[in-house]
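Undergrad: For reference, the chains in residue letters:
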Amino acid sequence: RKEVEQDPGPFNVPEGATVAFNCTYSNSASQSFFWYRQDCRKEPKLLMSVYSSGNEDGRFTAQLNRASQYISLLIRDSKLSDSATYLCVVKRAGNQFYFGTGTSLTVIP
Amino acid sequence: GAVVSQHPSWVICKSGTSVKIECRSLDFQATTMFWYRQFPKQSLMLMATSNEGSKATYEQGVEKDKFLINHASLTLSTLTVTSAHPEDSSFYICSASSVMGSNQPQHFGDGTRLSIL
Chain P
108 RKEVEQDPGP FNVPEGATVA FNCTYSNSAS QSFFWYRQDC RKEPKLLMSV
158 YSSGNEDGRF TAQLNRASQY ISLLIRDSKL SDSATYLCVV KRAGNQFYFG
208 TGTSLTVIP
Chain A
232 GAVVSQHPSW VICKSGTSVK IECRSLDFQA TTMFWYRQFP KQSLMLMATS
282 NEGSKATYEQ GVEKDKFLIN HASLTLSTLT VTSAHPEDSS FYICSASSVM
332 GSNQPQHFGD GTRLSIL
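Residue numbers (our numbering), protein chains in the order written: chain P, 108 to 216; chain A, 232 to 348.
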């Protein structure tokens with residue numbers, strides 16, 4: 108079983124839509140959780156960390172469910188510029204990071 | 232925010248050449264640095280993890296004699312692709328992380344596009 112699993116998509120949504128991505132992780136000892144976005148032919152960039160109580164940054168909301176071992180990212184009022192691949196990342200002790208394969212999002216005008 | 236600088240951004244070389252890529256953490260001490268490779272439309276593939284002052288840990292299938300990694304200081308790691316061939320052409324990305332706090336993410340460099348002719 109993979110450490111981190113994501114639905115690869117692609118998700119094609121109209122501008123203004125709300126879209127949600129889920130990610131599951133296999134190791135309950137995982138400590139920290141992050142969402143990154145990667146644009147085509149660019150490096151991944153940190154979008155947001157995911158905290159146990161859930162956190163919001165503008166149109167983006169991240170949630171963590173430790174009991175079920177899943178992480179979610181909600182994007183409200185999608186913009187064309189949100190089109191990218193979204194990577195779910197899980198961190199364990201000893202600076203070990205595990206990446207999902209990414210979920211592709213295309214926002215359509 | 233934390234900045235990681237990677238150099239060079241683009242390399243075009245003849246087959247057989249060795250290519251060195253540098254990765255620097257500019258404003259934090261990077262205890263651990265990671266090297267990834269990514270082919271078009273594919274996921275990031277971790278090649279190796281290096282801790283400052285230690286030998287790198289390579290992922291299965293990655294030749295350590297082919298991809299030489301040095302992490303001699305807390306701000307610099309280098310990847311040398313030795314005797315590169317066309318099949319080594321790819322997007323190489325480094326990242327760095329500090330162990331100061333378990334919630335510290337990885338910070339990525341801009342990546343290096345390597346083309347071997």
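Possibly wrong hints are sitting among the right ones.
As a list, the in silico DMTMM-like pairs of lysine to aspartate or glutamate whose alpha-carbon atoms are at most 25 Å apart [said to hold, decoys possible]: (1) P:Lys-152 - P:Glu-122; (2) A:Lys-272 - P:Asp-164; (3) P:Lys-109 - A:Glu-253; (4) A:Lys-245 - A:Asp-258; (5) P:Lys-152 - A:Glu-290; (6) A:Lys-295 - A:Asp-258; (7) P:Lys-149 - P:Asp-164; (8) P:Lys-149 - A:Asp-341; (9) A:Lys-272 - P:Asp-189; (10) A:Lys-272 - P:Asp-114; (11) P:Lys-152 - A:Glu-253; (12) P:Lys-109 - P:Asp-164; (13) P:Lys-149 - A:Asp-319; (14) P:Lys-186 - P:Glu-122; (15) A:Lys-251 - P:Glu-110.
Facing chain A, from chain P, some residues (calculated, C-beta under 8 Å) [unchecked claim]: (16) Phe-118; (17) Ala-124; (18) Pro-151; (19) Leu-153; (20) Phe-167; (21) Tyr-177; (22) Asn-202.
Derived from the structure by calculation, the hints contain no laboratory data.
All values derive from a computational prediction rather than experimental measurement.
Just so it is clear, CB atoms sit at the ideal spot from N, CA and C, and this is done for glycine as well.
Undergrad: Are the hints correct? Go through all of them and say.
TA: Each hint tested on the structure:
no., hint, in the structure
1, P:Lys-152 - P:Glu-122, "holds (22 Å)"
2, A:Lys-272 - P:Asp-164, "violated (28 Å)"
3, P:Lys-109 - A:Glu-253, "violated (31 Å)"
4, A:Lys-245 - A:Asp-258, "violated (35 Å)"
5, P:Lys-152 - A:Glu-290, "holds (23 Å)"
6, A:Lys-295 - A:Asp-258, "violated (29 Å)"
7, P:Lys-149 - P:Asp-164, "holds (22 Å)"
8, P:Lys-149 - A:Asp-341, "holds (7 Å)"
9, A:Lys-272 - P:Asp-189, "holds (18 Å)"
10, A:Lys-272 - P:Asp-114, "holds (15 Å)"
11, P:Lys-152 - A:Glu-253, "holds (19 Å)"
12, P:Lys-109 - P:Asp-164, "violated (29 Å)"
13, P:Lys-149 - A:Asp-319, "holds (18 Å)"
14, P:Lys-186 - P:Glu-122, "holds (6 Å)"
15, A:Lys-251 - P:Glu-110, "violated (31 Å)"
16, Phe-118, "violated (16 Å)"
17, Ala-124, "violated (24 Å)"
18, Pro-151, "holds (5 Å)"
19, Leu-153, "holds (5 Å)"
20, Phe-167, "violated (15 Å)"
21, Tyr-177, "violated (18 Å)"
22, Asn-202, "holds (4 Å)"
Hints 2, 3, 4, 6, 12, 15, 16, 17, 20 and 21 from the earlier list are contradicted by this structure; the remaining hints agree with it.
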